[in-house]
Amino acid sequence: MSKWRYLGKRLLMSIPVLWLGTSMTWFIIFQGPIDPAANVLSNTQTQNTERYEAAREQLGLNRPPLEHYLDWMANLFTLDLGQTWLLYPGSNVNALVMDFLPRTVWLGFWSVLIAVFVGIPLGFYAGLRSNTLADYLASVSGIVWRAMPNFWLAVILLSLLVSSETLLGFDWDTFLIDLPSGVTGNPQLSYMAGRPWALLTQPGETLAATKKILPAALVLGSASMGNEMRIGRTAVLETRSQKYIDLAKAKGVSDRALVWKHILRNALVPLVPIITSEAFLLIGGSVLVESVFGIQGMGFLFFKAAIQGDLPLVGTLMFVFIVLMLVINIAQDILYTIIDPRVGYEEA
Amino acid sequence: MAAPDDGADGDEPLLAVEDLTTVFHTDKETIRAVDGVSFEVSEGETVGVVGESGSGKSVTARSILGLIESPGTIESGSIRFRGEELTGGNWERHRGDLSIVFQDPINSMNPVYTVGNQIREALRIHQGLRGQAAREEAVRLLEAVGIPDARRRVGEYPHQFSGGMRQRAVIAMALACDPDLLVCDEPTTALDVTIQAQILELLDDLQREEDLAILFITHDMGVIEETADRVNVMYAGEVVESAPVETLFDGPAHPYTRGLLASIPGRTATGDRLPTIEGEVPTPTESASDCRYAPRCPDAFDACERVHPEHVRVGPDQTAACLLHEEVRPRPDGRGDRGRRRRRRGRRG
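So the protein lines, in turn, are chains A and B. For the first sequence, the working numbering gives the first residue as 1, with consecutive numbering after it. For the second sequence, the working numbering gives the first residue as 1001, with consecutive numbering after it.
Just chain B, same shape as in the assembly (with noise of 0.2 Å):
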């Protein structure tokens, strides 16, 4: 829980998620909806996290950026921004310096206030801007997403924006904080395919002029595949496998993986039926002692059942949480020692 005192020196990525583990708590059950993750953003780098409804994505994106509310908790774990300890309620130093889209761009944004007003809220607190100075850069940001008519359209509210728009705009409002990480919570999912293309290449853009690291959560492989660096595959609240995007398209090291890349329509020769993952993602309610993927995966065995997988090392950059990859020594009873779980620190080559 405690942030570590190695802070100040240059090795500190952008945002260090160490065994993140958020709970909500239901009259009963606790569900570990993220359960020990781990990764790191660098400076301008894009990570993905990607997985199916139900894996936890959403979850680490709103504990990352201080959202969980009660019932919810972060329960262990450290979120180190800029290697400053963000749990325990210090978000609100780093407010604006992480910034969040979100899937819906209907909801994204106050209904009853003016696209302009949002985007010079943001402006006022992160930039000290006000008055016609505020009004010129709204335009400015609303101009650089690639709103037409920008002018115009900045004394306009959100029910006026179509849902593309929308989502330019709500992005425009996170770039008005001067973020240094954008969290990007399934920003495409609600829009049509041509309009997602055009906001993949703006972030895009966004991303090389201003220097932005973005973390995407999405559940679509082939979005990842396009904009991702490195991807973080999240499965049951856990990360099970984490490599640089080409070596996790080229040789996914876990079965899940394997199993997600091969549902993409398009990567299996015409004419044959699509794969699917049988049954669904498990809502975890307590600390796993077993692999949660195994009563899906078709490459479980005994041990599986009873040992929890820790991350191993399966080529020079990725990491896998799977049995197959590891030695297994079945333990006397039968559980992962959690304690003695190795941290994974995840290096970009």
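For reference, chain A alone in the conformation it holds in the complex (with noise of 0.2 Å):
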């Protein structure tokens, strides 16, 4: 019951960060020091008043200013994103959204899943069998997973890829997949388009897809791994040398149930908002990576706009980052209930 009341309660929360978070956007964007029209226009048009009138009335920055925020807020709450008029000219930000925010997403799903599915168990592992030589690897490893810096990692390990053949004795592109397009590029990720089943039921284009981002994941995740298989490692020493560990020991619990059903639980606690805060990371990391791997995303999306002075996409990107976040930061919470019982139990 106070379960459901705390998830609504972090639900309603949510609000107020998404409009303060949308409007301190705008202020920025249109109220700020950089003018958004005169980016929108080469520098000879900027001269032509015309164009320039123009370009201002088509931005709604003719209007007064409240008039302005509260269409724009309006617009992007009922997800009408509206154009762009810089890169990609006159082209529909949702539709721009739609192609690049799945293969962000794709390469963030691999990279947390690849931190989470090896981070943790090493980790654990290390915590469970501590001060051994298998502890000492891993942590070793751990730490220096965690110190290769993100775009140093890309470089080697594409370089490393791309000659394949002759460094490692096997052809990446070819090896157990094929993959026609090379190390580099965007995944295939077209046939799910409208049918997010076909994931499961076309495995071929899933694997080829999957084949083509695990690297750029592998070096998104990284960092991610190392921290996380540290923090497991940590937690599980905790939980052992507790109290009910050994009350549960002298109740006659067999070893591996100790560890599966009374340790690992508690050791996943302090894991949660790690994971999700890497989450974070990873929207802003995947600027890097994207570039290295040449994979339209959002963080290429994003860095382009920036880059270009499209003042009018950044704001519509940041919003949908906001977004993004927001809805990370709930499957944190949910995530919380549900392994420790003990939340929202205070408030009640």
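Hints listed in this document are in silico derivations from the structure and should not be mistaken for laboratory results. Honestly, I wouldn't trust all of these hints.
Restricting the straight-line Cα-Cα distance to at most 25 Å, the calculated cross-link-like pairs of lysine to any residue (SDA-like) are [what the hints assert, rightly or not]:
id	chain 1	residue 1	chain 2	residue 2
1	A	261	B	1103
2	A	261	B	1045
3	A	243	B	1306
4	A	243	B	1024
5	A	243	B	1195
6	A	261	B	1112
7	A	304	A	97
8	A	243	B	1070
Dock the two chains into a complex; use the hints.
Right under this line is the structure:
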């Protein structure tokens, strides 16, 4: 009961966050020091008063700020993201996002998955065998993964895979699954357009898209993997020394049940915020990795829009990022309520 | 270390701890937390272990339950349960026959599972109960330890219980293992006084109903006086005096016991300053060659610094490890000879 109340409360709380974040974005973009209208026009066009006024009108900048603000907010909240002016001129931003977002989600999904399914088991393993050789190896590798910067690792991995035939003795492009398009480029996700169940019904395409994204996902998830390994190890060590573990042992609980039932679930609790806060980092980090691997995702789009000064597009993408973060936050709260029964109890 | 072959005869007590030595290895030194402790617990009996913080009481309890983990190890001695040796990894066969209740009820239950789940887990392992039968038995156990509205509370999480209720639930969990011996490691220390009295009463009732033997560990002489049949006084990893509770309170033989008794509030005349024992319990790192209490002992004399006192019989059923009760024969090398040490055979009169 109190759990649902807790979740409902968190959902309600995300509304003011969304409003505040979006409002701040509007203020910075449209009331900030840079004139968005001037930026969407080339230098020569700016001299042309007529063209300039037309651009201002298109962006709604000639209207009173309050009216423009309300209009802009209403459009975003009804998911009408408007048009771009500079980057892919004249195209609909909704279509653009629908085109670019799946690639980023696919990349983020796999990097979180790699981090979670490699980092956490490795950390738990190290924690359960603390101060053995296996523990030291796992811990050191965790630190190494964490220490390697994204952009560096991306370049190294890319050059390794591109010349895999000479360096590693097998050709990555044809290894297990044939990838005619090579290491870089977009994963083919169009087969899932409008039919998300194709993820499972067309395993061939799924595997190809997965192989395509895997190097980038490994790079993006590497730091999180090391991080989760370290936190997982500490969490297991901490849980292991709890009195209730001793008591369960005295109760005659088998070693296997002790680990799987009593230790692991408790050790997951401190990992939840780590995993979700890293999901935030992935959004920022994807700019670098997407650039190196030539994946046209949201990070890439945002980066280009910002560099070329397409401020209206930057604003709209900001809104998309804010929504993404809120979704991750709510996912975190749901995970919490599933794993830890104490959540939401204090407020009840 | 090896178990003697007399395990089958009826004379064997429920639990016999003999010359137990548990050490913890650190980078710098080896801490002898429990150093040659011997005592016995008979069926249905309550044996108290009392001493200051750091005297090795809890390590004794954990050793008996087989809960010593690296960097600690049981270096020598034997722990026999119904004549069967437990040291050397034989605990698994007797899991549940010995149960434990810890000091801190907040951390004694896994926070992510319901109280009922954790009781049923023990019921499944030790009594083979599953499903509805296990659920009913869990409710019955919670009722037996005095938890009101047990049918509803069995589905609640530990954090929804108050401290006293949680300790009751922990006791219910211990009972679900159907134990013969319940080790209580300061079970009431974290509770306030009224709850403490209730828990002690509950343990007393359960002992009578289920014919439990209890090893009661505490630093509180007042609690010992109420609960125990027989008392072992521990100091710096050693038992320094062992006696039935009345004998101990009427005629303490060891100066340390006298100091402990004198520092119970209310036993000295009102208005007087409460006597205390100056100083702290030392942390032993080597086997004893002197009396570890000597630096704090008001009755110490020069031999106390050279001779490790052995247990000597000071009454019909009372032993103390103090040179005051021994014909002191200073040995040329000034060391107590551990090999020659006579085993104390504590018997209930």
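Discussion item. Name the hints, by number, that the structure is in violation of.
Written reply: Numbers 2, 3 - these are the hints that the structure violates, sorted from lowest upward.
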